[in-house]
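**Student:** Each chain is listed here by its residues.
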Amino acid sequence: MEALRSTLEATIDFEGQKLSNLAKTRLLVLGAILSTITGFALGDVMIIWFMFAFVAGITMLLVVPPWPFFTQHPVQWQTPAY
Amino acid sequence: MVNFGAQSIRQTLVQLLGFAAIFTSSYMFYKGLSIVANSESPLVVVLSGSMEPAYQRGDVLLLWNRQKHVDVGEVVVYNIDGRTTPIVHRVLRSHASDNKQLLLTKGDNNAVDDVSFYGGRNQYLDREKEVVGVVKGYLPLVGYITILLAENQYFKYGLLGITGLLAFIQGE
Amino acid sequence: MHTSIQRIQQTFSQASTVLSIIAAIVFVVSYIQLVVANVWSLPEANFNLRGSKAARRFSRQYGANDPKKGKENVALKFDLDADLSPLFNWNTKLVFAYLTATYDGKRDDIVNEITIWDQIITDKDDSHIKLKGANSKYSLYDVEESFRNRNATVKLHWNIQPHVGAKIYGSLDATKGSIKFPQLV
Chain P
1 MEALRSTLEA TIDFEGQKLS NLAKTRLLVL GAILSTITGF ALGDVMIIWF MFAFVAGITM
61 LLVVPPWPFF TQHPVQWQTP AY
Chain L
1 MVNFGAQSIR QTLVQLLGFA AIFTSSYMFY KGLSIVANSE SPLVVVLSGS MEPAYQRGDV
61 LLLWNRQKHV DVGEVVVYNI DGRTTPIVHR VLRSHASDNK QLLLTKGDNN AVDDVSFYGG
121 RNQYLDREKE VVGVVKGYLP LVGYITILLA ENQYFKYGLL GITGLLAFIQ GE
Chain X
1 MHTSIQRIQQ TFSQASTVLS IIAAIVFVVS YIQLVVANVW SLPEANFNLR GSKAARRFSR
61 QYGANDPKKG KENVALKFDL DADLSPLFNW NTKLVFAYLT ATYDGKRDDI VNEITIWDQI
121 ITDKDDSHIK LKGANSKYSL YDVEESFRNR NATVKLHWNI QPHVGAKIYG SLDATKGSIK
181 FPQLV
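So the sequence lines, in the order shown, correspond to chains P, L and X. So that you can map any letter, position 6 of the first sequence is 6 in full-length UniProt numbering, and since no number is skipped, the others follow by simple counting. So that you can map any letter, position 101 of the second sequence is 101 in full-length UniProt numbering, and since no number is skipped, the others follow by simple counting. So that you can map any letter, position 154 of the third sequence is 154 in full-length UniProt numbering, and since no number is skipped, the others follow by simple counting.
In case anyone wonders, no lab produced these hints; they're calculated from the structure. Every residue, glycine too, gets a C-beta built ideally from N, C-alpha and C. Each hint should be verified, as a subset may be incorrect.
Unchecked claim - Here are the computed distance ranges between Cβ atoms for each label pair:
1) X:85 / P:14: 52 to 60 Å
2) L:20 / X:137: 48 to 56 Å
3) L:83 / X:29: 37 to 45 Å
4) P:37 / X:50: 44 to 52 Å
Generate the whole structure from the sequences, applying the supplied hints.
**Tutor:** Shown next as structure tokens:
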């Protein structure tokens, strides 16, 4: 039970959180800019939504699962005094 | 601290308070919007296809009700006494005096105007009494969730199931 | 960003914020395009009244609330030429074009406006309206019993329903085409 919960929780360390946050922001903004420019160039507004949804999906795949590059700096707990 | 499974009573109460905060702030937002727009129902979900292709089922409409007179060609939402759902149609005709305005409406996708919908022997809508607001803007398809929730069984249970799963995962 | 749930929530909320910013930008850009295309000063619509006919109708659909007395109904035949193509850009979902007649009522403060004809235009290719000998789409009747032979000014209105943003309205005058409602004999 606990094993299932911790796998689903998928926690990552602090450096990993910084990295995933950065990746999420940059990917989404870049995706937004690219989709809007594509839509404007092609004269079609619907393409913007589809392209952006695609980029958002990729962002989810890259940022949510606990990939190894998010767990490179595990927290060093001190040993207890007793 | 009394232990109530994985959480203490205090933690449960804090969670409940969080939900209450979300609920009341949404309610406040809706009522505040009601006051600003001067309409009893400033957000309406399109339920029928009578205004296609302009509005589809599931679009959310933002209403404004501070205009004294409505122009021909504007899209209004109106309520007839005795009918439960508001109707979203375009104004076909207007007969206006200083303090009263009579309107005739028709759905873009309908063949005939709305005369047969109006209550009793009325042939026009009264702008003051029956018009809930004028459509000023819209959010496409956002309201489809409310339609799904109301009409689709699988969606209701699926949503309940997912909420339960999330509660399990978030354990602490 | 500690648990997977938090990352899902954060990604979703940031994507929503970004999406609404995109929508705002699209609307602003398309509005500027309309301003540049000068859509509020389009050339006049060419309206020409070919003929008009008055008849007495007796059902509620034609304005009669007294089935014995009936109501004066008017049908018009007209030409219309207007170019609405500058209204179409990437953010235009559809244009609703409608031809109205505005006339006075029995008191000074009464203004009446009725729609003679309307059309939904979804494509730029269909946006140049060229009607010859078209019939009024709706049977026209007044609040009162009759139009009393009044004069009416005709205007062609347009309404852009965009993909994102607020609806945009405008109109073209048709000063050459004023109409006089026929008398019911």
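**Student:** Give me the numbers of the hints this structure contradicts, sorted from smallest to largest.
**Tutor:** Of the numbered hints given earlier, the structure breaks none, since each of them holds.
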